[in-house]
Amino acid sequence: MSDQGPQKLYQALKEKAVSLTGEKKEKTRVMIGTATCGVAAGALKIKDYFENEIKSKGLEAEVVEVGCIGHCYAEPMAVIDKPGFPPICYGYLDDGLVHRLVEDFLAGDDPSYEYALAALERNDVFPTFEDFPRGVYEHKLILKNCGYIDFRDINSYLAEDGYAGLARALTGKPGELLEEIKAANLRGRGGAGFPAGLKWEASLKSGVEEKYVICNADEGDPGAFMDRSILESDPHLVIEGMILCAYAIGAGKGYLYIRAEYPRAVGHVREAIDQAREKGLLGESILGTDFSFDLEIFQGSGAFVCGEATALVNSMEGNMGLPLSRPPRLAAKGFRGKPTVLNNVKTFAYVPLIVKNGVDWFKEIGTPDNPGTAVFSLVGKINNTGLVEVPMGTTLRQLIYDVGDGLPKDKPFKAVQIGGPSGGCLPESELDVPIDFDSLHEAGAIMGSGGLVVMDENDCMVSVARYFLEFTQHESCGKCTFCRLGTKHMLDILTGITEGRGDSNTLDLLEELAEDVRDGSLCNLGKTAPNPILTTLKYFRDEYKAHIEEGRCPALVCRDLILYYIEPPRCSKLCNVCVGSCPTEAIFTREDGLKEIDQEKCVKCDNCLKACPAEYDAVVKLSPPVLPPEKEKKAK
Amino acid sequence: MQYVEGEKEEILSCVEEVLSNSAKDRENLIPILQKVQARLGYLPTLAMEKIASGLNVPAADIFGLATFYNQFRLNPPGKHEVKVCMGTACYMVGGDIALESFERRMGIKEGETSEDRLYGLERVACVGCCTMAPVVVINEEVEGKVTPTRVDGIMLEFEDMEKKEAADKQQGEEGGSQ
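Protein sequence lines, in the order shown, are assigned to chains W and X. For the first sequence, this note's numbering begins at 408 and goes up steadily by one. For the second sequence, this note's numbering begins at 75 and goes up steadily by one.
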């Protein structure tokens, strides 16, 4: 029988990959995280430093680029894997530190533990990431390989049991695969949590021969970057997931819809597709079977609404990305009018793992209704920024305080914004909400893309709501009246409030309008656009009132409601820093030698406040914007 | 914006080349626009008209696409192109202040290019480097933690570059004439 065919072919591929990567592991390797965030922090320069230092010392060591390890706060980072030592991760690299590491560790045998962040394998000398509080909660499934494997080399993925799931599935029937995914209750990670297995089954029920698989990598949420990171760091995982889906539903062609703003992700995926084709894992008769499937990349042109499935398909057909009313669902009538399965990057990434490790393994992680993990990008006022993966059911408090190590300078927590422009702001009282699709929805936020922004007392909730409305208003495609005009009016009202305009009816009007937009829009962009307003109104109504009734912004953010003021008793007559920092020459020296701000000229750029030396700290923001009477002067 | 000398010819030859290398169906329209913009830096009206007739699509459709998607731009990029990130994390730590500082220093608004095409200023939704907020992208290089004072520094660097280039050019001309 040909049953054993795929397994045999796969074993041959894997053995070769293992021996190739094994050879590499016998040499010293320096692995540098060069995903977009690493590059922004200067990882490519660090790579040059390492290469030059190694060359000038005549050492034998290989410098390889890997993806993102998720500890973005410590970028640029590198892992040094030297035989005889555990692989050790170093962060906050610069030229001096590189010099020292090469001299002491690569040339000598001193791993300079004082600069190490953690080891990557259990050992007797140095703690691993799992030994830190973050490691207790973190459970990496789809991020496991990110930052550990060479994304340029398919062998690196094969050696880690990559494509084993595909080989296993190909020995069975497509129907068995579908049943497994259904049994695993894998819920779509795009945000809404629709079970992937049901979607796949629906496309089969259509009875149409020609079908398509599309991966939605149009990650447009400001503040979320996990899809980018997975595609850049472990592209084969997503590709394998798509092949598996194609096998289950009998599709012959698939597309990865990737944002054009992610050039590195596009490049890495393109390389990965070519390599998979070469190895016979993609294209005609995959692993010697009669199943054929091929992949192509479509570069999205940057429209937030194209994250919506029907809009995405419209844009692939060369049109504006306008959503359509459903039904028919894409699974019945999608790309080119054919049944189409469209899932998020993360959803596809789970599939190979479920097939490889089994349904029970997957269901043991997370909660019964929400098995598996959730990936979040932690940003904002939090110590350990970066990408984290935790089991579903972890609470927000654990995520922020244990995984993220709390807020900088131990400032009090004010709110957390989850799910980007479609999500909401949750206050301290909601921090014990477990993270899963249903609980977050109840609290008024959504899982969404997994962007998680932490805010402290210096962040104004009205301003945050206004920011998101500005975004959705700009990205509204204009099809539905409520969304097109409603978001504009809500934005105008919010802008008015941040400028101190409004009366006792304003908030009720805003609330009513928000509910109408939610009910009167076709797609989720419009339906969820009011979420930032509704949640901030619910949890932070006092702050809105302070703006309207007192003309005061409690967080000192809204610029029409604050002024900059130099406190005379604190100002040093000998210092001129603020005068030099002012771009509009609004600061002048008075007759008595103290500095003063000409309020007419001041553009409130924040320069002088940052420039004023910490020992004086004389520049303050006042709200409402009323200058205090100067007592001292008058007393004299 | 006015076409500079020789620009019309360049646009026509670029569009022709891209069209001759692509299948002429509607599904290919966005990839074609992307290719033309990658070569020219923007989508001039002339290019859109030529693509419309080449693909037999109404020009209004092309203009619709070009204005619908954020990736496409209708004015030429500046020699020094600055993109200010307005993602959530950047906005919260003063991305708007950085943007305003650039507007003040360049004398243009976001989305515009200065008349001499020296400076271009854009706002982008999120470049995915939220941990380094506020972020600006200067001539394709990402720079994090940009304060208003740093904006002044960036502008000074541009001015220095221009001065140096002008001096080099002058020197070259003097050398040539001798």
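It is worth saying that the hints were derived from the structure and are not from the lab. Mixed in with the good hints there might be a few duds.
[Said to hold, decoys possible] Derived DSSO-like pairs (lysine-lysine); straight-line CA-CA distance at most 27 Å:
id, chain 1, residue 1, chain 2, residue 2
1, X, K219, W, K1011
2, X, K183, W, K1008
3, W, K770, W, K589
4, X, K98, W, K452
5, W, K745, X, K98
6, W, K452, X, K153
7, W, K740, X, K98
8, W, K660, X, K109
9, X, K109, W, K1011
10, W, K895, X, K153
11, W, K1017, X, K183
12, W, K770, W, K551
13, W, K432, W, K589
14, X, K98, W, K660
15, X, K109, W, K1028
16, X, K219, W, K1017
17, W, K818, W, K770
On a predicted model such as this, the values are computed, not experimentally measured, just so you know.
Evaluation of the provided hints:
1. Taking the CA atoms of K219(X) and K1011(W), the gap is about 19 Å. The hint holds against a cut of 27 Å.
2. For the suggested pair K183(X) and K1008(W), the alpha carbons sit about 20 Å apart, so the restraint of at most 27 Å is met.
3. Distance hint between K770(W) and K589(W) is fulfilled; the C-alpha atoms sit about 12 Å from each other, no more than 27 Å.
4. Taking the CA atoms of K98(X) and K452(W), the gap is near 43 Å; set against the 27 Å cutoff, the hint is violated.
5. A hinted pair counts as satisfied when its Cα atoms are at most 27 Å apart, and K745(W) with K98(X) qualifies at roughly 22 Å.
6. For the hint pairing K452(W) with K153(X), the CA-to-CA distance comes to about 24 Å; that is within 27 Å, so the pair holds.
7. A hinted pair counts as satisfied when its Cα atoms are at most 27 Å apart, and K740(W) with K98(X) qualifies at roughly 24 Å.
8. A hinted pair counts as satisfied when its Cα atoms are at most 27 Å apart, and K660(W) with K109(X) qualifies at roughly 23 Å.
9. With a CA separation close to 42 Å, the supplied pair K109(X) and K1011(W) exceeds the 27 Å bound.
10. Distance restraint check for K895(W) and K153(X): the Cα-Cα separation of roughly 34 Å exceeds the 27 Å cut-off, and the hinted pair is therefore not satisfied.
11. Proximity of K1017(W) to K183(X) is assessed by CA-CA distance (about 25 Å); at most 27 Å being required, the pair is judged to hold.
12. About 18 Å separates the Cα atoms of K770(W) and K551(W), which keeps this hinted pair within 27 Å; it holds.
13. For the hint linking K432(W) to K589(W), the alpha-carbon distance of about 39 Å lies beyond 27 Å, and the restraint is violated.
14. Between K98(X) and K660(W), the direct Cα distance comes to roughly 21 Å. Compliance with the 27 Å bound is thereby established for this hinted pair.
15. Distance hint between K109(X) and K1028(W) is unfulfilled; the C-alpha atoms sit about 49 Å from each other, more than 27 Å.
16. As the CA atoms of K219(X) and K1017(W) are separated by approximately 13 Å, the hinted pair is consistent with the 27 Å bound.
17. Restraint check: the Cα-Cα separation between K818(W) and K770(W) comes to about 38 Å, which exceeds 27 Å; the hinted pair is violated.
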